[in-house]
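Peer 1: Next come the chains, spelled out residue by residue.
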Amino acid sequence: MIHAMIRPLLTVGEQSKDLPKFPESQTFWMPSDASVTTRNVDWVYYFMYWMSAVSCVLILGAMIYFCVKYKAKSRAANEHAAKSSDHSTVLEITWSVLPLFVVIALFVWGFKGYVDLRTPPKDSIEIHATAQKWKWLFTYPGGLVDDSLHVPADRPVRMVINSVDVLHALYIPNFRVKMDAVPGRYTDLWFQATNTGDYPVFCAEYCGTSHSNMLSHVTVHPPGGYEAWIDEQQKKTLDMPPEELGKLLYEKQGCSTCHTTDGTPKIGPTWKGLFGKTESFADGTSGKVDENYIRQSVLEPTAKVVQGFAPSMPTYQGKLKDAEINGIIEYIKSLK
Amino acid sequence: MASPSTTADAAIPRETSADESYLTHDKGILSWIFTLDHKRIGVMYLCSVLSAFALGGLFALLVRTELLTPGRTIMDADTYNQMFTLHGAIMVFLVIIPGIPAALGNIIMPLQLGAKDVAFPRMNLASYYLWVIGACFMLSSLVINAVDTGWTFYAPYSTTTQTAVVPAAFGAFILGFSSIFTGLNFIVTIHKMRPPGMSWFRMPLFVWALYATALIQVLATPVIGITLLMMIVERTLHIGIFDPALGGDPVLFQHFFWFYSHPAVYIMIVPAFGVVSEIIPVFSRKRMFGYKFIAVSSLAIAFLGFLVWGHHMFTSGQSVLAGTIFSAITFLIAIPTAIKVFNWISTMYKGVIHLETPMLYALAFLWVFTIGGLTGIFLAVMSVDVHLHDTYFVVAHFHYVMMGGAITALMGGIHYWWSKAFGRMYEEKYGRIAAALVFIGLNVTFFPQFILGTRGMPRRYYNYLPEFQSLHQLSTIGAYILGLGFLMTAAYLYASLKNGKKAPANPWGGSTLEWQTTSPPPYYNFHNAPPVTQGPYDGYEDLEFDEKMGGYVAKATKATP
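These protein sequence lines map, in sequence, to chains A and B.
End of the first sequence = 328 in my numbering, gap-free, step of one.
End of the second sequence = 544 in my numbering, gap-free, step of one.
Worth double-checking, as some hints may not be accurate.
Stated by the list, open to error - Cross-link-like lysine-lysine pairs, in silico, BS3-like; alpha carbons within 25 Å at most: (1) B:LYS412 - A:LYS61; (2) B:LYS333 - B:LYS175; (3) A:LYS65 - B:LYS484; (4) B:LYS412 - A:LYS63; (5) B:LYS484 - A:LYS61; (6) A:LYS227 - A:LYS328; (7) B:LYS531 - A:LYS63.
Claimed, not checked - To spell it out: a stretch of chain A is covered by chain B in this simulated footprint if at least three of its residues, at any positions, have a beta carbon under 8 Å from a beta carbon of chain B; those stretches are: (8) 30 to 36; (9) 50 to 57; (10) 98 to 110.
Stated by the list, open to error - To give a feel for the contact side, a few chain A residues facing chain B, derived at Cβ under 10 Å: (11) LEU11; (12) PRO12; (13) LYS13; (14) PHE20; (15) SER66; (16) HIS72; (17) VAL158; (18) ASN166; (19) THR179; (20) GLY276; (21) GLY279; (22) LYS325; (23) SER326.
These aren't lab readings, by the way, just hints derived from the structure by calculation.
A virtual CB, placed ideally from N, CA and C, is assigned to each residue, including glycine.
When you get a sec, could you build the whole thing from the sequences and use the hints?
Peer 2: Here you go:
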C-alpha cells in the first residue's frame, strides 16, 4: 500500500540480472511466512507492535495533552504551578510492577520460540552451508555442491554452517532464521518450509567489499521435486567436457564473484586472455600463467598474488577434485 | 531562595566590573591551550565534539546519498564501507561518548555543585588532549587508507583487511583513557566537592546522571582498551587471539567488545537522561516528580548495563543458556527506563509549560526515546531478535536512541545552557524552526528503517533489492532535512556569539546553583559560595520574571527598592 505510493525517485545504478525476489507478503511489516516456526515469531512481533502502538499513543498523547492544557501564557505572566505532590509511592510501584509482568511474559514467549529455533528435529535432512568472501556454497547429502539452496517442503532441514575466512551470517527472512557463519567452528539452524517457491538468502554479517552481493536463493520443492533436482544436477556433471565443466564451476563455485571473463579486472584479475600471459606478483617476482600456476592459485591462493590485487581469495583445497581443477584450467584456456 | 545579592555584596568590588568572566579573564591563545578552568576545557571540548559531529554527519549524508539507488550511485563499494565505518566510529567514540559528559558536564557540573572547579583540573586538561590525540589517530586512518571494518572492529575481518585498522583502533584506545580521566575526575568531584547542605538527594539529576555515567566509564572502558590492544597485537605480530587461522576465537572478540560497548551505550544515554531531567521541571515550573526514583534508576541502569552484553550475540552461536540469561536481564533494564519516562511525563502534569527551544528538544527526546525504548523490547525477545538482528531494524532502533536520544538531549542541553556558557541569547524563533526540522528529519530518516528491517533488509549493504528502494529514498530525504536543521542551528548559534542579546543570569528560571551566578560566570564561578537549603527543583515560586532583563530574579530583591 504505502510502498506503492512512494515510488522510487531515481533508478540508475547497476543491477545484476538474477536477483532473488521476495514473494508478495500479506502483511505490511513482515515478509510472507514460509516455515513452521515463523508463526510463533510473528505472533510475538505483532503483539509487541500493538503494545508499542498503544503505549506510544498513551505516553505521547499525555505529553501533547499536557503541553496544550498546561501551556504557559508568557514568561511575563509569572504563573506558578499549583502545589501538587511530587511523589507517589503507589504510582511508582504500579508503573514498575505492571510493565514487569508484561516483560516477564515476553521473555518467556521469546525464550520458548528461541529454544524451538535452536533445536532441530532428529530426522532433519542435513545440508552444509559454507560461507566465503562472497559466496554461499551448499553441500547436499550426496556430495553435490551448488550455489543455491534447494529443499523439500514439509521436511525439517538442518543447515550446518561454517566459514572459510571471516564472519558471515546465513539469513533467510521468509523463514525468520539467521545464524552466524564462524570460521573454525560449526553453527547450525533449522527450518521446515511450508510453502513451495523461491525465497532470498542473504549474508547478514558484514564481510567486506561484496557483502551486499553475497546473495543466494532457496527453492522449496513440492514432494519428489527435491530428489529430482539433485539427480538432475549430479547427472549434469558426469561426462561433461572439461571446458564446459570449468564454465559451470566458474558460476557455481564463486569464481565469478571476483573474476570476469570479459577482460575487466574486478576483485581479482580477469580470466580473459590470462593463460600464457606473464604476470608480475606482489612479492616482486614474475612468471607465466600456465597449468601449474593456475593449479597453485586454486589450492594456495595467497602464494603468488598478482600485483595490484588484495590477497582475499579463499583456498579450494579439498573442495575441488582434480578433474574439476582441470576443467577450470581448460575453461581459462578457452577464454582468449 | 537565597540570592547572591543580599548581604555581603557591597564588599566585593569585582561585582562592579560586569564584563569580567572566565571568557575575558585571561587573553591570548596560550591562555586557552594551557587553561585549567573547567569551563574553558568544556568549551574546547564542545567545539571539538561539534566539529567531529559535522564530519560524522557529512559521512552519514554521503552514505544516505549512496543508498538512493541500489548499486553505484556516487561511490564504489569499498568507499561506502569506509564511509559507514568512519561515520559510526566518529559518532560513537568522538561525539556521543564525550558529548554530554565532557562538554556540557565540564562546563555545568562544577557550577551545579557551587564549586570552583573539578577535583583534578590538570587531569581534566589531560583528558581533553588525549581526546585530541585519539582523534588525530582515528582521522589519520582516513588519510592513510580508511578503516572499513564497521565501528565494531569484528575479528577476523579486522585482523585481515588491508585498510588502516591499527591507527583507528589505537585512536579508540587513547580516547578510552580520555573517557576514564573524565569519569574519575567527576566521581571524586561529586563525592568531595558538594557544598554544605547539598546531600546526595539534593543533587541535581544531571549530576546524578553524570555520576552513574562516570562509574561506567571507569569500570568498563579498560576492557575495550585491552581488547583493541589485543586486536592490534594480532594484526601486527600475528599472535593468535581472535583469528581461527592463527588459533584464536572470533566469538571471544565479540564478548570482549560488547562487555564494554553495551555499558558504553549507557555512557551515551544516561547523561541525556540527566539533561532532560533538568529541562523538564524548569520549563514546567514544577518540582520533579519522583526525583529519587529518577536518581536511583540511573544507578540501576548503570549496574544492569554490565550484565547484558550477550544480547548482541543471540545469533553468534552462543549457547541457549547464555542467551536466556542475557535476555532476562535485558528485560529488567526496561523497568528503570520506563520509570524515568513516566516520571518526566508526570512532572508536566498540572505544570505551567513553556515551549522554548530547550523544552522542544526535551519533548522531541521523550518522543523518540519512547519509540527507541519500545523497539528495544522487540530485540530483547530472543526469537524475534533472530529475525531482526543485523537488519535495518537494529539500525533504526539504535539511531532512535543514540541520534534521537543522546544527540537530541545534547542539542537541548546546548540551548538550555548556551546563555550560561557564552552570555548570549540565540534567536529563539530560529531555534524553534531548527528543532522542528531536526525532529521531523530524524523521524523521516529512521522510521522507514524499521519497516526495511522487519521486511528483511540486512544492514551495512551497499547494494540492495529493488523493492527496498522507495523506503531507502524516503530515509535519505529525512537525512537531508536533518542536515538542514543542524546547519541552521550552527548558523544561528554562531551568529548569537557575534550579535546575540546579552543573557541574564537566569533566563529560564532554574533554581539549581549554576543559575545563581552571572552569565557567563566569573573565573572563580561564584563570588560567594551559595548555600544550599532546598532540593534542586524547589523554590520556583520564589523567582519572578523581570521583563526588562529578560530573566528571573529572586522575589526578595525585586521588593527592596
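Peer 1: Now look at each hint and say whether the structure bears it out.
Peer 2: Now for the hints, and whether the structure bears them out:
{"no.": "1", "hint": "B:LYS412 - A:LYS61", "in the structure": "holds, 22 Å"}
{"no.": "2", "hint": "B:LYS333 - B:LYS175", "in the structure": "violated, 37 Å"}
{"no.": "3", "hint": "A:LYS65 - B:LYS484", "in the structure": "holds, 23 Å"}
{"no.": "4", "hint": "B:LYS412 - A:LYS63", "in the structure": "holds, 18 Å"}
{"no.": "5", "hint": "B:LYS484 - A:LYS61", "in the structure": "violated, 31 Å"}
{"no.": "6", "hint": "A:LYS227 - A:LYS328", "in the structure": "violated, 29 Å"}
{"no.": "7", "hint": "B:LYS531 - A:LYS63", "in the structure": "holds, 23 Å"}
{"no.": "8", "hint": "30 to 36", "in the structure": "holds (count 3)"}
{"no.": "9", "hint": "50 to 57", "in the structure": "holds (count 4)"}
{"no.": "10", "hint": "98 to 110", "in the structure": "holds (count 12)"}
{"no.": "11", "hint": "LEU11", "in the structure": "holds, 6 Å"}
{"no.": "12", "hint": "PRO12", "in the structure": "holds, 7 Å"}
{"no.": "13", "hint": "LYS13", "in the structure": "holds, 7 Å"}
{"no.": "14", "hint": "PHE20", "in the structure": "holds, 8 Å"}
{"no.": "15", "hint": "SER66", "in the structure": "holds, 9 Å"}
{"no.": "16", "hint": "HIS72", "in the structure": "holds, 5 Å"}
{"no.": "17", "hint": "VAL158", "in the structure": "holds, 4 Å"}
{"no.": "18", "hint": "ASN166", "in the structure": "holds, 8 Å"}
{"no.": "19", "hint": "THR179", "in the structure": "holds, 4 Å"}
{"no.": "20", "hint": "GLY276", "in the structure": "violated, 18 Å"}
{"no.": "21", "hint": "GLY279", "in the structure": "violated, 23 Å"}
{"no.": "22", "hint": "LYS325", "in the structure": "violated, 31 Å"}
{"no.": "23", "hint": "SER326", "in the structure": "violated, 30 Å"}
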